[in-house]
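Asker: Spelled out, the chains give:
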Amino acid sequence: MKTGTHQLQDLACHIGGELRGQADYLITGVAPLELAQSGDITFYLSGTLRSTLQSSQAGAVILSPQAAEDFVGNAIIVANPYAAFAKILHHLFPMPRHEPGVHHSVQMDRDVQVHPETRMDAFVRVESGAKIAAGVWLETGVFIGANVEIGAGTHIYPGVKIYRNCRIGERCIIHAGAVIGADGFGFAEENKKYIKIPQVGGVQLGNDVEIGANSCIDRGVLTDTVLGDGVKIDNLVQVGHNVHIGAHTVIAGQTGVAGSTHIGRYCRIGGQVGIAGHIEIADGSVIAGQSAITHSLRVPGVYSGVVPAHEITRWRRIAARFDGLDTLFRRVKLLEKKSASPASSDGELLNGE
Amino acid sequence: MKTGTHQLQDLACHIGGELRGQADYLITGVAPLELAQSGDITFYLSGTLRSTLQSSQAGAVILSPQAAEDFVGNAIIVANPYAAFAKILHHLFPMPRHEPGVHHSVQMDRDVQVHPETRMDAFVRVESGAKIAAGVWLETGVFIGANVEIGAGTHIYPGVKIYRNCRIGERCIIHAGAVIGADGFGFAEENKKYIKIPQVGGVQLGNDVEIGANSCIDRGVLTDTVLGDGVKIDNLVQVGHNVHIGAHTVIAGQTGVAGSTHIGRYCRIGGQVGIAGHIEIADGSVIAGQSAITHSLRVPGVYSGVVPAHEITRWRRIAARFDGLDTLFRRVKLLEKKSASPASSDGELLNGE
Amino acid sequence: MKTGTHQLQDLACHIGGELRGQADYLITGVAPLELAQSGDITFYLSGTLRSTLQSSQAGAVILSPQAAEDFVGNAIIVANPYAAFAKILHHLFPMPRHEPGVHHSVQMDRDVQVHPETRMDAFVRVESGAKIAAGVWLETGVFIGANVEIGAGTHIYPGVKIYRNCRIGERCIIHAGAVIGADGFGFAEENKKYIKIPQVGGVQLGNDVEIGANSCIDRGVLTDTVLGDGVKIDNLVQVGHNVHIGAHTVIAGQTGVAGSTHIGRYCRIGGQVGIAGHIEIADGSVIAGQSAITHSLRVPGVYSGVVPAHEITRWRRIAARFDGLDTLFRRVKLLEKKSASPASSDGELLNGE
Chain A
971 MKTGTHQLQD
981 LACHIGGELR
991 GQADYLITGV
1001 APLELAQSGD
1011 ITFYLSGTLR
1021 STLQSSQAGA
1031 VILSPQAAED
1041 FVGNAIIVAN
1051 PYAAFAKILH
1061 HLFPMPRHEP
1071 GVHHSVQMDR
1081 DVQVHPETRM
1091 DAFVRVESGA
1101 KIAAGVWLET
1111 GVFIGANVEI
1121 GAGTHIYPGV
1131 KIYRNCRIGE
1141 RCIIHAGAVI
1151 GADGFGFAEE
1161 NKKYIKIPQV
1171 GGVQLGNDVE
1181 IGANSCIDRG
1191 VLTDTVLGDG
1201 VKIDNLVQVG
1211 HNVHIGAHTV
1221 IAGQTGVAGS
1231 THIGRYCRIG
1241 GQVGIAGHIE
1251 IADGSVIAGQ
1261 SAITHSLRVP
1271 GVYSGVVPAH
1281 EITRWRRIAA
1291 RFDGLDTLFR
1301 RVKLLEKKSA
1311 SPASSDGELL
1321 NGE
Chain B
971 MKTGTHQLQD
981 LACHIGGELR
991 GQADYLITGV
1001 APLELAQSGD
1011 ITFYLSGTLR
1021 STLQSSQAGA
1031 VILSPQAAED
1041 FVGNAIIVAN
1051 PYAAFAKILH
1061 HLFPMPRHEP
1071 GVHHSVQMDR
1081 DVQVHPETRM
1091 DAFVRVESGA
1101 KIAAGVWLET
1111 GVFIGANVEI
1121 GAGTHIYPGV
1131 KIYRNCRIGE
1141 RCIIHAGAVI
1151 GADGFGFAEE
1161 NKKYIKIPQV
1171 GGVQLGNDVE
1181 IGANSCIDRG
1191 VLTDTVLGDG
1201 VKIDNLVQVG
1211 HNVHIGAHTV
1221 IAGQTGVAGS
1231 THIGRYCRIG
1241 GQVGIAGHIE
1251 IADGSVIAGQ
1261 SAITHSLRVP
1271 GVYSGVVPAH
1281 EITRWRRIAA
1291 RFDGLDTLFR
1301 RVKLLEKKSA
1311 SPASSDGELL
1321 NGE
Chain C
971 MKTGTHQLQD
981 LACHIGGELR
991 GQADYLITGV
1001 APLELAQSGD
1011 ITFYLSGTLR
1021 STLQSSQAGA
1031 VILSPQAAED
1041 FVGNAIIVAN
1051 PYAAFAKILH
1061 HLFPMPRHEP
1071 GVHHSVQMDR
1081 DVQVHPETRM
1091 DAFVRVESGA
1101 KIAAGVWLET
1111 GVFIGANVEI
1121 GAGTHIYPGV
1131 KIYRNCRIGE
1141 RCIIHAGAVI
1151 GADGFGFAEE
1161 NKKYIKIPQV
1171 GGVQLGNDVE
1181 IGANSCIDRG
1191 VLTDTVLGDG
1201 VKIDNLVQVG
1211 HNVHIGAHTV
1221 IAGQTGVAGS
1231 THIGRYCRIG
1241 GQVGIAGHIE
1251 IADGSVIAGQ
1261 SAITHSLRVP
1271 GVYSGVVPAH
1281 EITRWRRIAA
1291 RFDGLDTLFR
1301 RVKLLEKKSA
1311 SPASSDGELL
1321 NGE
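Residue numbers (this note's numbering), protein chains in the order written: chain A, 971 to 1323; chain B, 971 to 1323; chain C, 971 to 1323.
Treat the hints as calculated values from the structure; they're not laboratory data.
Fair warning: there could be bad hints in the mix.
The list makes no distinction among identical chains, and a pair is therefore deemed to hold if it is satisfied within one copy or across any two copies.
With a straight-line cut-off of 30 Å between C-alpha atoms, the simulated BS3-like cross-links for lysine-lysine are [to be verified]:
1. Lys972 to Lys1101
2. Lys1308 to Lys1163
3. Lys972 to Lys1166
4. Lys1308 to Lys972
5. Lys1163 to Lys1101
6. Lys1162 to Lys1308
7. Lys1162 to Lys1307
8. Lys972 to Lys1163
Put together the whole structure using the sequences plus the hints.
Answerer: As structure tokens, this is what we get:
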């Protein structure tokens, strides 16, 4: 990816790294380590193959002191190369500047409070009582329901819908198509029909929250659904009513969290995980993708329940054996008893079970 | 959550319950049992911890005759506390009133039939031949395709898209971002390329159906995809072409139903369930979340295939054992044969397998 | 489904099939084999019950030479009945004609390049630098970001959002609510906070790609996410940043592909599959629905990891046994050693483990 032209020493300075090599080397692009060419800056993370670093054609590499000897060319040495590279990218590719202003097609109710430093693109709709702080960018076709509050610097991508009475923090990013504050899923049965439980709570997102495309965060029943500061949610994630997610927890794509569950701070949750309702996940828990969390995890740790795929005929033989697994345990127990007392008769053993 | 001020006896009357305690007690809010304070009304369901009820600070509790002795304060005694509480909430938090009227930005084709008691918000588009009945509310940015029919009292949230020729019943609720009537997924292979199978059927939703945010109900190939009366679908659910879902069946978030499957009436299906195509699910079936339904369920019952997560090193040892499971069964069988006839030689046993 | 009136011989001619029976028979509808009546045309695939064909009331059936004897009525005999039926449907139900033209409510920046043979419906927004080729149809409320290129004949359904700098091929179909080019999910940790990794790559879709409703294709970090020609993606699918999907691969609903994974050509991937990041899937691989692919599949084959649901009490007994599975293997091994050398003592055996 082409960038403008930057002296390597300026980039090193920007991230507070130690420059090794040609200070006035000109960086003109960024690329992954294995594709980077002369003029490109890239980064190396421990865990990646060292030979990829050693043979890299990159113009400059951001790397850790431990890896510094494995690359002979220009380098910027930092303690945390990934964070440093993130900063370089923010520097080289600043977000497209969004001039404040409200497009003529925007439809706002009269009693909306909008900071003059706000940008609203075409076909945005803002309903009665909403409050939009400074630096907010509502992209094309965003829907902001009644009494919604949006904190300063938040960026909402096209087609996001935020239902009434939700509160979004500062510097949040909400990607296209996400739905914040739809009704939680609750019904009471009466006379063989379902009566809808009105969902009169809302949603609160803290500061620096990111929500992925087409994800859904349901409003609470009587109180709010709450996502803490710095929570990062990937695409197509479902968060049920009254869920609490602690600060700085990260959840990958297509995971679902059922209602009233409390997830701690600093958790890392993989994709397609299913988390049951009304349980608690301890701070700092790590959950592998596709796992089912059916009970509370009270001890922080790394959890998995993923069943890796096999060649199908082999897998079918395995899966067919699940049926007999419970009796297999009993059969083995019986063998063990027999083996321990070879003289006993079967009849006696069965009585002893 | 604050409400207006209501006398307890009026609420008891509204739900037809027996009032116990101070008839003119003033209710000013609602809250969950464990958070409710003076002035709040709440409810208690059997199965919840009794001590939570006994120690509740609530101003009044809706509860069953069986639980009445566990709370000394004001109470409304009813047979079905959850349904009663739903009715109280509908009473205390009526849906925001939507005055009929068509926003000036709405784009309707000329031959659309719209009842005068309809409300359409900004940026709604209604295509040729559509019929919109009384009391329908199309919120901001809703798309109604050609010849779509929407029954009386149906409420469609912002950004819902309904493709041509679909029929939506009365009093339905369709949440933001849902897509009704996109093409089913069908291709014929020819010369190593795929030819699209045109999906010329439609979608029919019965009365009182609710569809969650960003869920997708595909149109049928030659006939319609059909959801019966009272079906409730949560967020991010996928319903394939030609699926039939019987009346009053409930499906939780992120579940997928593959094409041409018939699900019975009064089923309860958890989240992230995968249901294969071309199968049948008996009326009244209950399926636990994250289960895979690969064959027809002809007998109503409760089904599960969920694999609960474990601490990861322990789980890896377990999952690694799946590979040997089939041979383990044979090894145990061999041991059993040996044990049954201790004199026989290994060779003979193997011949006997 | 009613069609216009067509002579059977014209339909046979259209698909290059051999007509058997009444050449001037009038076809007036299409229906599935089991529902088809006089006047209807349908098709029969090998694998379907023969008795269904034998007893069909259809006016005409498209079938293979092998099946020709099982139906006595009018028939069109072709090598590939499913592909032939697809062509008949395209013939009988041509896509609604979309006259070129730009609706007056469309908002385009000045430097957009739009071919005059383009159609844009209400509330479409096209940002600066975008290029829209001939025959493109942007339906209501579509968002096209800056510098996006859309190839000739591509049809984009209502409410699709395409972020800046993405490239869409020719004759693609993108269903309602899909999001192309949202940020991939990448963060660097520093001082117990997450720094967003700017996602400066884009998305490239080849020609003849179809993307399902509400699916998400993330943009790449430094290079593009790439879907080859003829790739077909169902609804609610998540494709992570820097994924490559080879030509003519088909992915069913709710499947997720994590970042940087390369999927080969002509793969067939079921619904709700989870594919880990940074792995490779060989050309022609077939993956059953709900499987977890945690490692590269280097050999083409059919893979599954689906755990079929059971009656719940039975399943709970099975799932509970997973906990002891690892020790069960050791217990069996111990029994085998004992059995092999009946004279040895337990102590010796354990030393030998």
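Asker: Work down the list of hints and note, for each, if the structure agrees.
Answerer: Against the structure, the hints:
| no. | hint | in the structure |
| --- | --- | --- |
| 1 | Lys972 to Lys1101 | between (39 Å within a copy, 21 Å between copies) |
| 2 | Lys1308 to Lys1163 | neither (57 Å within a copy, 59 Å between copies) |
| 3 | Lys972 to Lys1166 | between (54 Å within a copy, 20 Å between copies) |
| 4 | Lys1308 to Lys972 | neither (74 Å within a copy, 69 Å between copies) |
| 5 | Lys1163 to Lys1101 | between (39 Å within a copy, 28 Å between copies) |
| 6 | Lys1162 to Lys1308 | neither (54 Å within a copy, 57 Å between copies) |
| 7 | Lys1162 to Lys1307 | neither (52 Å within a copy, 54 Å between copies) |
| 8 | Lys972 to Lys1163 | between (60 Å within a copy, 29 Å between copies) |
Hint violations for this structure: numbers 2, 4, 6 and 7, all remaining hints satisfied.
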